[in-house]
Each structure stands twice: as C-alpha cells, then as structure tokens.
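Asks: Spelled out, the chains give:
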Amino acid sequence: MLRIEKLSKSFGQKIILDEVNFEININESIGLLGKNGSGKSTFLKILVDLVNYQNGSIFYNEKKIKMETSYKSKILYLGHQPTFYPSLTAKENLLFISKIYKIDENQIIKKIVNSLNIVGLSNSINLPVSVFSSGMLRKLSISKAILLENIWEILLLDEPNDGLDIEGQEMLSNLILSWKNKKSNNNKSLLIVSHNENWIKNHTDQVMHLTKGKIN
Amino acid sequence: MSSEIKFFHQNIYSKLFGLLIIFSWLILNYFVLFVTRIDPYQEMAQKIFYFHVPSAWVAGIAYLVVMISGINYLRTKNNYWDYVGYASAEIGTIFCALVLITGPIWATPIWGTSWSWEPRLTTVLIMFLIYLGYFSVRNFGKSLTTIKSISATIGVLAFLNVPIIYFSVKFWAEEVQLHPQPEMMEQPVDIYYTFLFSLIVFFMIYMYLLNYRIHILKIKSKLENILEDY
Amino acid sequence: MIRSLVLKDLLIEIKSKEIISSMIAFGISVILLFAFSFRASPSQVYFFAPGLLWMIFIFISIILLNRIFNLEMENKSYEILFSSPVDKSTIFLSKCISSLIFLIFSQIIITPIFFLFLQINFPENLLFFLIIIFFVDLGICSIGSIISGSIMKIRSNEILLPILFFPMITPLIISAVKSTDLIFNNHPFVDWKIWFQLILSFSVIFLFSGYLLYPHVTNE
Chain A
1 MLRIEKLSKS FGQKIILDEV NFEININESI GLLGKNGSGK STFLKILVDL
51 VNYQNGSIFY NEKKIKMETS YKSKILYLGH QPTFYPSLTA KENLLFISKI
101 YKIDENQIIK KIVNSLNIVG LSNSINLPVS VFSSGMLRKL SISKAILLEN
151 IWEILLLDEP NDGLDIEGQE MLSNLILSWK NKKSNNNKSL LIVSHNENWI
201 KNHTDQVMHL TKGKIN
Chain B
1 MSSEIKFFHQ NIYSKLFGLL IIFSWLILNY FVLFVTRIDP YQEMAQKIFY
51 FHVPSAWVAG IAYLVVMISG INYLRTKNNY WDYVGYASAE IGTIFCALVL
101 ITGPIWATPI WGTSWSWEPR LTTVLIMFLI YLGYFSVRNF GKSLTTIKSI
151 SATIGVLAFL NVPIIYFSVK FWAEEVQLHP QPEMMEQPVD IYYTFLFSLI
201 VFFMIYMYLL NYRIHILKIK SKLENILEDY
Chain C
1 MIRSLVLKDL LIEIKSKEII SSMIAFGISV ILLFAFSFRA SPSQVYFFAP
51 GLLWMIFIFI SIILLNRIFN LEMENKSYEI LFSSPVDKST IFLSKCISSL
101 IFLIFSQIII TPIFFLFLQI NFPENLLFFL IIIFFVDLGI CSIGSIISGS
151 IMKIRSNEIL LPILFFPMIT PLIISAVKST DLIFNNHPFV DWKIWFQLIL
201 SFSVIFLFSG YLLYPHVTNE
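Protein sequences appear in the order of chains A, B and C. All residue numbers for the first sequence refer to my numbering, where the first residue is 1 and numbers rise by one. All residue numbers for the second sequence refer to my numbering, where the first residue is 1 and numbers rise by one. All residue numbers for the third sequence refer to my numbering, where the first residue is 1 and numbers rise by one.
Treat the hints with care, since some could be wrong.
[Unchecked claim] Derived contacts from chain A toward chain C, CB cut-off under 10 angstroms, selection only: (1) Gly56; (2) Phe59; (3) Tyr60; (4) Lys63; (5) Lys64; (6) Ile65; (7) Met67; (8) Glu68; (9) Ile75; (10) Thr83; (11) Pro86; (12) Leu127; (13) Ser130; (14) Gly163.
[What the hints assert, rightly or not] Pairs of lysine-lysine, PhoX-like flavour, derived with a Cα cap of 25 angstroms: (15) A:Lys99 with C:Lys88; (16) A:Lys63 with C:Lys88; (17) C:Lys76 with A:Lys102; (18) A:Lys110 with C:Lys193; (19) C:Lys193 with B:Lys170; (20) A:Lys6 with B:Lys77; (21) A:Lys99 with C:Lys193; (22) B:Lys222 with A:Lys212; (23) B:Lys77 with A:Lys63; (24) B:Lys170 with A:Lys214; (25) A:Lys99 with C:Lys76; (26) A:Lys212 with B:Lys170; (27) C:Lys193 with A:Lys91; (28) A:Lys66 with B:Lys77; (29) A:Lys74 with C:Lys15; (30) A:Lys214 with C:Lys17; (31) B:Lys218 with A:Lys14.
Derived by calculation from the structure, the hints in this document are not laboratory data. Where is the CB? At the ideal position from N, CA and C, for every residue including glycine.
All chains, please: the whole structure from these sequences, using the hints.
Replies: In structure tokens, the structure reads:
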C-alpha cells in the first residue's frame, strides 16, 4: 500500500535516513524500534509532509506521491507531542479537525462526543486544551484517530502510550486491536514508533529496527 | 579528512581570470582618465558615470540571479542554489553600496545637493535596505534549511518589488526627474566603447567574486559539518 | 475550506482577544503621542494627516502580523494544518483573509479616533477613502503574511519582521499616502488613478507570489 524507495534525509552532514526502503501493506501493522535520535520521528514526519526529504520516492497504491491532498487525507499522524490549539476547547479542536478532513458533517457533534467518551475525556469536552495534562492531551490525540476512523487508511503513531495511565493504556491496546482486526469498509494499516520493545511486540505483526539510517 | 579541498587560488583558471581582471581594470582606468573626452558641462565629475552605471547594472543582475536561484532553491532544495543566491546577494549589496556612494559624489557638484529622491537612486536604496533584512535573516541561523528557504523567498519578493518601487518613487517626486537619460547610441565613439568596456569589466568582477564566494560557502559548510561531528 | 480556517482564527481571537485589543491600544497611544508631539493648528495637521494615518496603520499591522502566525506556533499547532489534507496555499490565503479582517476591524475603531483627536474633518469622499484603505490593507496582508509565514519558525522573529516588512512596503505606503492626500483634498479619481493602479498591482503581485511560494517555504 505504502512503499518507500531509497529515501534519504540528512540535517547538515548528519545523516538521519540513508536510502531507506520500506513497505507497509494493507491491514498490516508494523512497529518501528530505535534509540532516541535515531530518526524514527523524522521518518514519520516525512510521510506526512512535515519534514522534507532529499532523495527517494514514496509510492501509495503504486502511485508516486508528491504530497497531494488526496494522499494526505488517507494518512493520519499522531505526533509524540500532541498538537492542538490551546485556547480552543477539546470539542472545538475536534470540530475544526473534522472540517479540514472534510468528514461527513451529519451528526458531527455526536461523533465528537462519542470519540471523547471512548478515550475517557467526556468530562473535559468544553475545557480549553491549555489546561489539559500531557496524558489528557495524548487521549485527545487518540480521539482524533477515532473521529477520523473512516478517513485514514494508514495511522502513524509516535510513542502513543507515553504519559497514559493504566486505563488509558488499556483503552489504547483495545483500540489498536480493534483497528487491526476490524473488517471495516476501508483498509487500516498501522505504523507505530516506540522505544518500548515489549509493548510494541504485543501490538504489532512485525517489528523493525531503525539503526544508523537503515530500516531492517 | 577524506577529501582534499582544492582552494580557489590554487586553481589555475581562477588565477588567470583574476589577472585578466586586474589588467583590464588598469586599462579601463587609463581610458576613463586619459582617453575619453572631458564633458564640457560636467567636466571631471562626468567620469564617475563609468563606475556608477556599471555598478548599478551589476547590482541589478546580481539581484536577478538571487531571484532565479531562489526559485530554483525552493523548487529543488538543492544547496548549490542557496550558495549561488547568498553569494550573489552579498555582491549585489556591495555594488548597491557603490551606487549609493558614487551617486551623491557626482550629485554634489552637478545638482548642488548630495541626496535627491531620484527614482533610480531611491530604488537602489530601498533594495539595499531590503537586503540588509535579508542578511539579518541569514545571521539568525547558520545552515538551517528554514533559513535558506526564507532567504530564497525574500530574494524573490525583493526582485518582484523593483518595478513597483521604481514607479512609485517616480510618480511620488515628479519634480526630481534630474537623472541624466543619456542615449548611449548617440554618444561619441570614445565614450560609447569605454562605457561598454567598463560594463564588461564590472561583469567580469561580478563573475569572479561570485565564483569565489560560492567556493567559500561550500568550504564553510564542509567545515561546519566537520565541527558538528566532534 | 478557507472558511473553516478563517473561522478558526476568528474563534481563537474571540476567546483570547489578544490581537485586536493590543492593536487598538497601541494605535490609540500612537495617536496620542502624535497629537502631543505636534501641537499644530488643524490646517497644519491636515497637511500631514495622511502620512500619520498610514504610519499608525503600519505600526498596528506589525503587531497583527507578528501574532497571526504565532497562533500556529503555540503548542506547535501548525503540525495539525501542515499534515492535514489542506493545500498549503490555502493556508496562506486563509491567513491573508484573517489578518485582513483583524486589520479592518481595528481600523474601524482607530480611524474615527484619529480624526477626533487630531481635530480634522472626515474626507468628503468617504467611499474612495474606504476603497483605498481596503486595497492597501490587502497589499499589507498579502506581503505581510508571506513574510511572517516564512519566518514563523525562527526564534525572535518579532525583531525580524519589521526589518523585512518596512522596506518591502515602501512603494505601497508611498501610493497609500499620496492617494489619501489627494482624496482628502477632494481630487477626482483621474488624479489618483495611477496610485490606485500601483496599489492594486502591488496587492495582486504579492498575493499571487505568496500563493505560489508559501508551500515551498514551509518545508523543513
């Protein structure tokens, strides 16, 4: 589904990715392990157009990608630091996101409330995000993936269980499991980046390592 | 160090080119001072025209190069275009400064005032100011890719602004249309050819400096990378 | 799409009231300083009023342009937009429109105070005056958005913005002051047509070039 060929990225002389080849198939879930600073996050950011790459190509469904909006709507990125507009409330943030991803406006508020319920933020719907703790932000970020469930085909998660309490971790595990097994109307692939080897082995089909700019 | 760096002055072609420029510069000065006729009205002051006008032309060309390499950099993100743009911006600004210095030197005896809001001179001044901003952006970071993209953008915007600046100043101070508008084709042969020669010499200086600065910038970025590794 | 982006900016502003309140407070203080530093007769004030008015508008737009993209820098929220299926040129246009709305809103409040405090009359050709203000604002917002949008990721970009912005808008300000002056003195359209054309071409050129350049600047 998503194929990367000879992708290179360096900051100055520091080589982050060195002609990386990578492929993720339909309904596959891959875990990517690596040390701090090995370029895992940069790799994910490249896939969603937050960082430029120098050489190489990205194919999506065998079509070469130049970060068209049609591609970017199919790939959802939940970063290591969840990003939201701090002065807007959780509901307003999700409403804005639902608009820029052009999801069906029908009963949108209900969908937003529902996705916030799943992650356990039902009491904080109308609180501004600036008062959220990091664990709450993480949950809000996960609710974004639930809200856009029918849009994305690939979900990129960067250290998704960081800062989550026990309940949150359980909720996340269940969600990942349901995304993996669900016979939904669109395909779901997961690419999870973490440094927690045990956790990632339990949640993905295949584990890869990013070391010295190479994925293997 | 794995790759041997060949320095600019070690290259035989750049050496020869440099010598050629020194030689032509001396010839140019000889022609300007002793061969071309002395203007009956402006006398010796007119001689500055052989340096003032070519400086302005070279500054214009240099800024055009900044814009072209800026567009290319933004499209390809290839560092080479960043070096070309940066080097050309520096040289263009130096020539702008020359225009801004030689202009008032000429204007003092001829117009009786050192500064006038003449459209061309003012356009050069505003370009000079825009490029001072460009260099402060450069100083905000060393070789970050963001800085490079921003500088490229400013280079493009600055050049697009040139005609608008020119016309707005022109209509703004319509009484200050003192700038000589010489028809080059009607000039006597000695003035005409000396002027052409001077244009060529200035352009050669630009080319030489451009190559030199690009070379320096390449070495500098190599050095920064080496230092980063430690 | 642009609509939701602009509405988001407006909603943030309605909640925080940061931008417009500081623009208005700053604008009025500058008017006061001007009024006190030139204690001149109304006829003299009339002579330099167009220039003063545009100086104030430029100062408040610096505040605006510094803030408008910093909205996206808080909590790195620009990552939401840049990773979403929104065209980056659309983001640029939305910022132009939001800053245009903010600028016009604060001008609506500041301009009457300006005429009141400096004790001069409103121009008789109010419509022409408003047209000129609108198109100059468009120019300010288009070049301002592309500059401030490209430097948003640099630290201490607040210092950098005026250094880059002021020389760039000189032709626009020359045209704005000239045409405002002519309108204040009840000149017909033909007299300031040329200035209007310059303002219009400035706005169009930089709106268009910003639209094309912005997607390429934002990538790291």
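Asks: Once the shortest beta carbon distance from proline 86 of chain A to chain C is found, is it less than 10 angstroms?
Replies: Check passed: Cβ of proline 86 of chain A comes within 5 angstroms of chain C, closer than 10 angstroms.
Asks: When you check the alpha-carbon spacing of lysine 77 of chain B and lysine 63 of chain A, does it fall within 25 angstroms?
Replies: 23 angstroms, holds
Asks: Is the Cα-Cα distance between lysine 218 of chain B and lysine 14 of chain A 25 angstroms or less?
Replies: 16 angstroms, holds
Asks: What's the verdict on lysine 6 of chain A and lysine 77 of chain B, does the C-alpha distance respect the 25 angstroms limit or exceed it?
Replies: 18 angstroms, holds
Asks: Run the distance test for lysine 99 of chain A versus lysine 76 of chain C: straight-line Cα separation, threshold 25 angstroms.
Replies: Distance of about 19 angstroms is within 25 angstroms: holds.
Asks: Is lysine 63 of chain A close enough to lysine 88 of chain C, meaning Cα to Cα at most 25 angstroms?
Replies: The given pair, whose Cα atoms are some 21 angstroms apart, holds under the 25 angstroms limit.
Asks: Holds or violated: lysine 170 of chain B with lysine 214 of chain A, Cα cutoff 25 angstroms?
Replies: At roughly 60 angstroms apart (the allowed maximum being 25 angstroms), lysine 214 of chain A and lysine 170 of chain B break the hint.
Asks: Would the hint on glutamate 68 of chain A stand, with a C-beta cut-off of 10 angstroms toward chain C?
Replies: 9 angstroms, holds
Asks: Quick one, is the lysine 64 of chain A hint okay against chain C at 10 angstroms, beta carbons?
Replies: Since the shortest Cβ distance to chain C is 18 angstroms, the answer is violated.
Asks: Keeping to a limit of 25 angstroms between CA atoms, is the pair of lysine 110 of chain A and lysine 193 of chain C held or broken?
Replies: 55 angstroms, violated
Asks: Given the hint that lysine 66 of chain A pairs with lysine 77 of chain B, test it: the Cα-Cα distance must not exceed 25 angstroms.
Replies: Holds - the C-alpha atoms of lysine 77 of chain B and lysine 66 of chain A are around 14 angstroms apart, at most 25 angstroms.
Asks: Could you grab the alpha-carbon distance between lysine 193 of chain C and lysine 91 of chain A and see if it respects the 25 angstroms cut-off?
Replies: The hint is violated at about 49 angstroms.
In summary, the structure is inconsistent with hints 1, 2, 3, 4, 5, 6, 12, 14, 18, 21, 24, 26, 27, 29 and 30 from the numbered list given earlier, while agreeing with the others.
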